[in-house]
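2 protein chains.
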Amino acid sequence: MTTAHHPPGETRPGGRTARTRQAVLDAVFAELGEGGFATLTMERVAQRSGVHLATLYRRWRGIEGLVCELLTDLSGSVPLPDTGTLPGDLHALARAIAAFYGDPRMRSLIEAVVAAAARDPQAATALRDFFDERLGLAGAMVERGIARGELPADTDPKAVMAALGAPFYYRILIERHPVDPDLGESAATATWAAAQAGAYRTKNGA
Amino acid sequence: MTTAHHPPGETRPGGRTARTRQAVLDAVFAELGEGGFATLTMERVAQRSGVHLATLYRRWRGIEGLVCELLTDLSGSVPLPDTGTLPGDLHALARAIAAFYGDPRMRSLIEAVVAAAARDPQAATALRDFFDERLGLAGAMVERGIARGELPADTDPKAVMAALGAPFYYRILIERHPVDPDLGESAATATWAAAQAGAYRTKNGA
Numbered sequence: 054m055t056t057a058h059h060p061p062g063e064t065r066p067g068g069r070t071a072r073t074r075q076a077v078l079d080a081v082f083a084e085l086g087e088g089g090f091a092t093l094t095m096e097r098v099a100q101r102s103g104v105h106l107a108t109l110y111r112r113w114r115g116i117e118g119l120v121c122e123l124l125t126d127l128s129g130s131v132p133l134p135d136t137g138t139l140p141g142d143l144h145a146l147a148r149a150i151a152a153f154y155g156d157p158r159m160r161s162l163i164e165a166v167v168a169a170a171a172r173d174p175q176a177a178t179a180l181r182d183f184f185d186e187r188l189g190l191a192g193a194m195v196e197r198g199i200a201r202g203e204l205p206a207d208t209d210p211k212a213v214m215a216a217l218g219a220p221f222y223y224r225i226l227i228e229r230h231p232v233d234p235d236l237g238e239s240a241a242t243a244t245w246a247a248a249q250a251g252a253y254r255t256k257n258g259a
Numbered sequence: 054m055t056t057a058h059h060p061p062g063e064t065r066p067g068g069r070t071a072r073t074r075q076a077v078l079d080a081v082f083a084e085l086g087e088g089g090f091a092t093l094t095m096e097r098v099a100q101r102s103g104v105h106l107a108t109l110y111r112r113w114r115g116i117e118g119l120v121c122e123l124l125t126d127l128s129g130s131v132p133l134p135d136t137g138t139l140p141g142d143l144h145a146l147a148r149a150i151a152a153f154y155g156d157p158r159m160r161s162l163i164e165a166v167v168a169a170a171a172r173d174p175q176a177a178t179a180l181r182d183f184f185d186e187r188l189g190l191a192g193a194m195v196e197r198g199i200a201r202g203e204l205p206a207d208t209d210p211k212a213v214m215a216a217l218g219a220p221f222y223y224r225i226l227i228e229r230h231p232v233d234p235d236l237g238e239s240a241a242t243a244t245w246a247a248a249q250a251g252a253y254r255t256k257n258g259a
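So the sequences go chain by chain: E and Z.
Residue numbers for the first sequence follow our numbering, so the first one is 54 and each next one is one higher.
Residue numbers for the second sequence follow our numbering, so the first one is 54 and each next one is one higher.
With the rest of the complex left out, here is chain E:
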């Protein structure tokens, strides 16, 4: 149950290193479900995963590294839709985000990542880079919409995607209430209306 005597580079992909990693991330996720970030410690992750504390510190540096890697790992489960229309895509993605954050463990996770970023510059960089990449990827749906003539050509794709995401993080981190499907519908309706009104144009529209 431990790779304490096997540095990561020495084992084959999908082998013991991958199993250790999965056991550790599963343990972090389970701990977040029980007590949230408030009770998450390296010791508890070690105990639950059966992986030595020294291994955890060597590979992930600390709680900050663990929660950032878990976010990257799990967010792949939110697919980017391609329904043929931009409002269709916005609603589909908002529904997927609402479902993702409907799970209280996911809300604890994003809270943990933001808290980690407040304390640790490396976590802050990881968080910024992660969302920058996600916004860029999701921006492709806005670019397709522009190409179809659904929005003005000078609409900023990343600004549209940030607008779609913002209500979820406000709800979780600031209002501190659960995320429900209504929030997703509202976010998609709002973002589409605002984009049509020119709120996300790079020139003179903002």
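Keep in mind the hints are simulated off the structure, nothing from the lab.
All values reported here derive from a predicted model rather than from experimental measurement.
Treat the hints with care, since some could be wrong.
Taking beta-carbon pairs under 7 angstroms as the criterion, some of the chain E residues facing chain Z (in silico) [said to hold, decoys possible]:
(1) 90
(2) 91
(3) 164
(4) 219
(5) 223
(6) 226
(7) 239
(8) 243
(9) 247
Here are the computed distance ranges between Cβ atoms for each label pair [to be verified]:
(10) Z:79 / E:103: 46 to 52 angstroms
(11) E:136 / Z:235: 27 to 33 angstroms
(12) Z:115 / E:174: 20 to 26 angstroms
Just so it is clear, CB atoms sit at the ideal spot from N, CA and C, and this is done for glycine as well.
Fit chain Z to the supplied structure of chain E, relying on the hints for placement.
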């Protein structure tokens, strides 16, 4: 420079207790400006303010209590406008929020409060109650707009105000970039367009 021998209740309002409180909050604010939440400790606040560490712990419990009180204290500096039209009010408030968070110390402060809430249930409750009250107060501008016939009667005032605020917190906590006046203009334009489109109606509109 210290009230270590004067419990809060024993001194008159505006007297030594008030001066101590101000010295402590000023020190927290200055520390946030230098190193952000990452380097903020009770010891540094004690050193900078000249207030005994024991006094700080007795009155504020910890860093969590300090940053929550500072947020409450400072947010009073964002006035709620009454321009006569809802879009006018939304733009005025968004400009004020953009100016507020244009100061990097304010961004460090909100990050600190969210991080504190992740670790400390009392800070989480304080954060939720604080924004709930602010949203309720700001919702009065939406209610005036509804009374003037600017929006459908079943528009949720708090949802409109949450939509106006959300882009700022997304920018600060998730994208981790500075807040500029353009973000305020975009947030106000977007919120007004979305509200007109029915994105924040309590029935069937969402």
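Exercise for review: Hint says 46 to 52 angstroms; check whether the CB-CB distance for residue 79 of chain Z and residue 103 of chain E agrees.
Suggested key: Taking Cβ atoms as reference, residue 79 of chain Z and residue 103 of chain E lie about 49 angstroms apart, which means the hint holds.
Point to revise | Given hint residue 223 of chain E near chain Z, where the shortest CB pair must fall under 7 angstroms | key: holds (4 angstroms)
Check your understanding: Are residue 243 of chain E and chain Z close enough, Cβ to Cβ, to be under 7 angstroms, as the hint says?
Key -> holds (3 angstroms)
Point to revise | residue 239 of chain E as chain Z interface residue, shortest Cβ-Cβ below 7 angstroms | key: holds (5 angstroms)
Point to revise | chain Z contact restraint for residue 226 of chain E - C-beta distance below 7 angstroms | key: Given a least distance of 5 angstroms, the restraint on residue 226 of chain E holds.
Exercise for review: Kindly confirm whether 20 to 26 angstroms is satisfied by the beta carbon distance between residue 115 of chain Z and residue 174 of chain E.
Suggested key: This hint holds: roughly 22 angstroms between Cβ atoms.
**Study point:** chain Z contact restraint for residue 164 of chain E - C-beta distance below 7 angstroms
**Key:** holds (5 angstroms)
**Study point:** When the least beta-carbon distance from residue 219 of chain E to chain Z is tested against 7 angstroms, hint result
**Key:** holds (4 angstroms)
Check your understanding: Is the shortest C-beta separation between residue 91 of chain E and chain Z less than 7 angstroms?
Key -> Because about 5 angstroms separates residue 91 of chain E from the closest Cβ in chain Z, which is inside the 7 angstroms limit, the hint holds.
Practice item. Look at the Cβ atoms of residue 136 of chain E and residue 235 of chain Z and judge whether their distance stays inside 27 to 33 angstroms. Key: Because 30 angstroms falls inside the window, the suggested range holds.
**Study point:** Hint validity - residue 90 of chain E Cβ closer than 7 angstroms to any chain Z Cβ
**Key:** With a minimum Cβ separation of about 4 angstroms from chain Z (threshold 7 angstroms), the hint on residue 90 of chain E holds.
**Study point:** Per-residue hint verdict: residue 247 of chain E, partner chain Z, C-beta under 7 angstroms
**Key:** With Cβ-Cβ at 3 angstroms, under 7 angstroms, it holds.
The structure meets every hint from the earlier list without exception.
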